[in-house]
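Peer 1: Using the sequences and the hints, build the whole thing.
Protein chains in written order, with the working numbering: chain A, 1 to 397; chain B, 1 to 236.
Hints should not be assumed to be uniformly reliable.
What the hints assert, rightly or not - Derived BS3-like pairs (lysine-lysine); straight-line CA-CA distance at most 30 angstroms:
1. B:K116 - A:K9
2. B:K189 - B:K2
3. B:K120 - A:K9
4. A:K9 - B:K86
Said to hold, decoys possible - Covered stretches of chain A, as calculated for chain B (at least 3 residues, CB under 8 angstroms):
5. 6-17
6. 297-303
7. 306-316
Unchecked claim - Label-pair restraints from in silico Cβ distances:
8. A:L281 - B:K2: 48 to 56 angstroms
9. B:L65 - A:F16: 42 to 50 angstroms
10. A:G27 - B:Q32: 52 to 60 angstroms
11. A:A373 - B:Q32: 50 to 58 angstroms
12. B:T18 - A:S14: 34 to 42 angstroms
Because the hints were derived from the structure by calculation, they are not lab data.
Bear in mind that the values here come from a model prediction, so they are computed numbers and not experimental data.
Beta carbons are placed, not taken as given, at the ideal position from N, Cα and C, and that holds for glycine.
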Amino acid sequence: MNVITLALKNIRGSSFRSLIIFLCVMGVAGFFLSTTLIIRGAEHSLDAGLERLGADIVVVPAGAESKIETALLMGKPTQIWMPKEKAAEVIGVPGVAQVSAQVYLNSLYDAPCCSVSEMFLVIFDPETDFTIRPWLEKELGGDLNLNDVIGGSYVFTPPGEKYIRLYGHHLTLRGNLQATGTGLDQTMFMTMETAQAMAMTSRTQAEQRLEIDPDLISAVMVQVLPETDAHKVTLQILLDVLGVTPIESPKLFGTYRDQMTGLLWGFLAVLGIGWGLSVALIGLVFSMAVNERRREVSVLRALGASRGFVLQSLLAEVGLLALGASALGISIGAVVIYLLRDFIATSMEIPFLFPSLASFMTLFIGGVALALATVTLAALIPALRASREEPALAMRE
Amino acid sequence: MKIVLRGVTKEYALDDETTITPVDNVSLNVPQGDFIIVVGRSGSGKTTLLNLAAGLVKPTRGEVLIGDLDVWAISDRQLSMFRNQKMGFMFQYPSLLPSLTALENVALPASFGPRKSRRKARERAAELLELMGLSDRMEALPRQLSAGEQKRVVIARSLLNQPELLLADEPTSDLDEQTEQEIMALLRKIHGSGVTVLMVTHSLELMPYATRVMKMENGVLSVLAGAEACQTGRGT
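Peer 2: Written out as structure tokens, the structure reads:
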């Protein structure tokens, strides 16, 4: 019989104590996974959103920073405007490789002429666009035709219908972009030509006319030259182009990242307290259990078990419990977070995209390692004390 | 295998001011092949003496030699291996591991020994249990066994590694007369096979089984009867 077999038999033999340790570890591991998964999910989502945006710098009208963040993150439609000439001014800034203007619109709220309510619409220029077109070419093998649209991962044609109706205009959904967990998943992308056709239809078919001023744009996507510092270019745009705010992509969701950092610290604090309590509780339970089994330990020593064997067998007991409990806790946590991902994103007002399998496996291994470290720390002192005790002393008591 | 205790004293501090001395300057020579019974009342220091002889407790003063080995001059690992390979134990209290079956309990000492002895441990454990008349109780847990059956499992366990020395602490306590005789008959048989036996008991009736009887009183050991007296049962 080896250390593991003996530990397994002892676990089975003292089911109540084992259950307490198991539940304790499972709770901590589950909570660790859930909190970390939420934070990682939000970060993953922001990163995916930025990648989808595909621009190094986003230039918006001055004062519209929070509006664009809310629109891109939460899919909440926004109306921000600046003169079309701003795009031409931006391209003149040193270090800028290319620019592409976008116009932001939205569908009507709860109107019979629109099959989707208050959807964020991004109008891009196929001539200059470098964010949507690469995807179109890769996935669809060409550009969008008139009245074609592509949507975020949550955009779909209503069941039983062939088209999506916006402002009474029929649009064909040509494809869906990969999920980002941000508002881009609930956004529809179309060319200016299609948007103009839709505006035309709205005059006769919609509850409210769609007006698109050809002289106004909402944002300018900027790509900087290779080997160029985007930060310096951003500062230069700020100096050279009046009435706009350039935002470096990594800083685009700065407000949300700050909120998430706060959230992370809050979670970490709760996790730290929970972890400390668990170490204390497991230590206490294990200490009581070892105390009850002093004679058993003495017998093992008398039969020839070395101190090392006794220590290993006691630690193996909690180690095996921790292994099983953390694996189960983490799995349950992951399933719960996966099932509630939309609820979490909505209720906490954060973007959320379930991390990749590799990222999840890293978390899984980290969680199991943390659980093993926790129980080893909690059980080490009682186990050491038991293994070092004079066998005959325990027999006398 | 012989045991030699030279001027051994064991003291326990109860608190800062009070110390008890269950074994006080005891010298004992147990030659190979002897069957020594140490009698004495409860609290006289018998069990401590047995633990000292087994190297389970370190003496405050004095020397313990088993064979030619000073047990407190070797490492814990060496001492553990020595106990495992050369000694068999029968404890006064229930000493079977509650989560293991009778067979697993008997095979347990092999887990701490050399790797090659582990392979045949279950086989030998089954043989020993059969020898103890427990062939139909091998898969029973300790709580499913009677007191007598538990004692017999303990004897089987103590014999697993074919020890040269058997240490028995009140092996017949809490047993009825018939079971007591069965257990003692087994011990006599083990002794007959060349194993040195050191046994402590409060029962004077067991004296006839010994080659020598000693008495423990207030931590002091004295000779009560020699081999001849023991054989005729006139020890007292």
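Peer 1: May I ask you to test the hint 52 to 60 angstroms on the CB atoms belonging to G27 of chain A and Q32 of chain B?
Peer 2: holds (59 angstroms)
Peer 1: Against the 30 angstroms threshold, does the CA-CA distance of K120 of chain B and K9 of chain A hold or violate the hint?
Peer 2: OK: K120 of chain B and K9 of chain A at ~21 angstroms, within 30 angstroms.
Peer 1: Take the C-alpha atoms of K9 of chain A and K86 of chain B, compute the straight-line distance between them, and say whether it is at most 30 angstroms.
Peer 2: holds (27 angstroms)
Peer 1: When I compare C-beta atoms, does the stretch 297-303 of chain A have three or more residues closer than 8 angstroms to chain B?
Peer 2: holds (count 6)
Peer 1: At least three residues with a C-beta closer than 8 angstroms to a C-beta of chain B: is that true for the stretch 6-17 of chain A?
Peer 2: holds (count 6)
Peer 1: Report holds or violated for chain B covering the stretch 306-316 of chain A, Cβ cut-off 8 angstroms, minimum 3 residues.
Peer 2: As far as the stretch 306-316 of chain A goes, the hint holds, because 4 residues have Cβ atoms under 8 angstroms from chain B.
Peer 1: Range hint 50 to 58 angstroms: satisfied by the CB atoms of A373 of chain A and Q32 of chain B?
Peer 2: Since A373 of chain A and Q32 of chain B have Cβ atoms about 51 angstroms apart, the given range 50 to 58 angstroms holds.
Peer 1: Is 34 to 42 angstroms right for how far apart the beta carbons of T18 of chain B and S14 of chain A are?
Peer 2: holds (36 angstroms)
Peer 1: Are L65 of chain B and F16 of chain A spaced within 42 to 50 angstroms by their CB atoms?
Peer 2: Given range 42 to 50 angstroms: holds, Cβ gap about 46 angstroms.
Peer 1: Does the Cβ pair L281 of chain A, K2 of chain B satisfy 48 to 56 angstroms?
Peer 2: holds (51 angstroms)
Peer 1: Tell me if the straight-line CA distance from K116 of chain B to K9 of chain A falls inside 30 angstroms.
Peer 2: OK: K116 of chain B and K9 of chain A at ~23 angstroms, within 30 angstroms.
Peer 1: Does the structure keep K189 of chain B and K2 of chain B at a Cα separation of 30 angstroms or less?
Peer 2: holds (19 angstroms)
Of the numbered hints given earlier, the model fails none.
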